[in-house]
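Participant: Listed below, chain by chain, are the residues.
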Amino acid sequence: MKSCVTHSKDGEDMEQKLSVKKIGELIRDNINLVMLIVMIVLGAIISKDFFTINNLMNLLRRITVNGVMAAGFTLTLLVGGFDLSIGSTLSLCAVLCVGIEKSSGSAAIGMLVAIAAGAAVGLLNGLLMKLTRGESGEAFLITLGTSMVASSAALTYCNGYDIYGVNAKWYKAIGQGNIAGFPIAAIIWLGILIILQIVIKKTEFGRQLVLSGANKKSAFLAGVNVGKMKIIAFTLAGIFAAIAAIIMTARTTAGSPRSGTGADFDAAIASIIGGNSLVGGKGGMVQVFIGVVIYGLITNMLNLMGVDSVVQYIVKGVVLLIAICLDNLKKR
Amino acid sequence: MEIVRKIAKDYRIPLLALLVFVFMSLTNPYFFKQANLFGLFDSMPAYGIAAVGLTFIMLCGQLDISMGSVMALSSCVFMMTLNSIGFIPSMLLALAIGCVLGAVTGFFVAFFRLSPFIVSMTTQIAYKGIALTITNSTPVVNMHPVLVKISEIKVFGAIPITFFVFVLVALLAEFVMTKTQYGRNLFVIGGNINVADNLGLNVRGHLWSVYVIQGFCAALGGIVMMTRMFSASGNLALDGPLSIIPMVIVGGTAFAGGKGGAIKTLFGVLLMNIIFNALSMFNIYVNIQQLIKGVILLMIIVSDKYLENRHNKV
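So the protein sequences, as listed, match chains B and D.
Add 1067 to the 1-based position in the first sequence for this note's numbering, that's all there is to it.
Add 45 to the 1-based position in the second sequence for this note's numbering, that's all there is to it.
Derived by calculation from the structure, the hints in this document are not laboratory data.
All values reported here derive from a predicted model rather than from experimental measurement.
Glycine residues also receive a C-beta, built at the ideal position from the N, C-alpha and C atoms.
Fair warning: there could be bad hints in the mix.
[Said to hold, decoys possible] Have a look at the derived ranges for each label pair, beta carbon to beta carbon:
1. B/ILE1262 <-> D/ASN354: 29 to 35 Å
2. B/ILE1176 <-> D/GLY84: 43 to 49 Å
3. D/ARG229 <-> B/SER1285: 48 to 54 Å
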């Protein structure tokens, strides 16, 4: 009898523990989403200006460039690579886009050249990755090399000076215009994310892409052309860097050969705190959205609080470190 | 034939460095001048010492890209305290700070098993922020007499004393790596971290310690840099990781770990600096120099990995 009672008590305890454990697991699995909600609540508490349309639209406008970059970066993560060259590609495409619009008088030609340049850098990355059968370690070094090449090309093209002036109205509208109060750039970004998410999750091609990052040997045995997937992913990352450059130059109406410095790190951090795995084969565009918004919110809130831009580096570093530690809980 | 092949395999980097050096001395009248040689040897030690530190980390198969900011922060502290507490104490303080900064990065890598790249990226941002904050975003200039004196000492009229510090650090590191139990353990960890764990090695402790070593080396590199710049700022050595990582890789330390050495890194630093010096001798524009740097890095990585992996299907 006694043993029976204690047994049932144990059972209740177990059940309670189970439910607590379940909630714990739920939080742990969606830690990135939880972080996002915490950030939003914090923002609302810290500043009464946070939940104004102005601030939210401003936030959206600010994070779009990083968002497009992070989408491309995540594709290379998914395929088991790593792209550090997108920052330099951003600089190169920015100066090309503005410079060629100026010299040829046509914004469309400028954009096409910028996208072609982005695709070329990405293609070079992809081809070298295929040649070396590389994984993230090799990708890190290869894209370090191509980033030097791209930033050298950018500096040579404009002789180290910034190029000012965007003439076409529709070009400016990409960065500054609104449709029904919603920034056009943000619509482009969200469109890219939705299309990519559908491609990754629902198509044969997307499954092959993810599989070649998750386990390249079994992907090869299943008949997936892993080298081709790498080439496609890296080329797309380059093209997205070019699109980000177009949006950025349209917003600032200037192209600078140094505008991409650190942009690759920003994209990488945003992608990873959103919950994309560095090992490859895990993640998606929902995570990119969450990560980019979290990263944007950190900067936005620090600005609202009036924190000195230099001190922001420290706070950002610490917050990011905490975010990465929390994200790591998932893997245990 | 066998000997030639062995020499070509094991000593190709020093041979290449010697080749470029001799070629430049013969073809360019300005290369083998005292002033240029001094400039050449003076440009090496700062990043070279940090590269030796990075070799320890890469031996374990890890990575660190925060060394540029560690150099900046420790040299800022060094320059700020130099007048008030004297040369030796402020040097020790800067070195201690370097160790602490390395330990912070290493703590997250070793005990949380986070990706070293991501961790060092965030600590890099934070350290740079601290350095900019304590200096109020302005450069700290200090022409301390001891610093000036150190910068004036030349051996054979062309080699600065700091170069010998660099060689000494490299030799010491090579000794630790090859002749001590601790150094051999690093090779095991880099070769296969699971095997090292099963062998009963204290993997986490070792991983943590290499980051402390790297922090120390980066701080020393920062101090050495001060003997020729006399000015520190939070934005010092921003291109540190991009310059230092290629030097270590070119020297022959494997990115995946388990292979390499401090002497190899020494020759990697020599080769890269001689090439850069040669490029400026030929009046090549600095933007194009960066292109050449990138292409050299790509050629080395791609040829190395292609030869290693060409029989693999994927």
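Participant: Confirm or reject each hint.
Facilitator: Cross-check of the supplied hints:
{"no.": "1", "hint": "B/ILE1262 <-> D/ASN354: 29 to 35 Å", "verdict": "holds (34 Å)"}
{"no.": "2", "hint": "B/ILE1176 <-> D/GLY84: 43 to 49 Å", "verdict": "holds (45 Å)"}
{"no.": "3", "hint": "D/ARG229 <-> B/SER1285: 48 to 54 Å", "verdict": "violated (35 Å)"}
In the structure shown, a violation is registered for the earlier hint numbered 3 alone.
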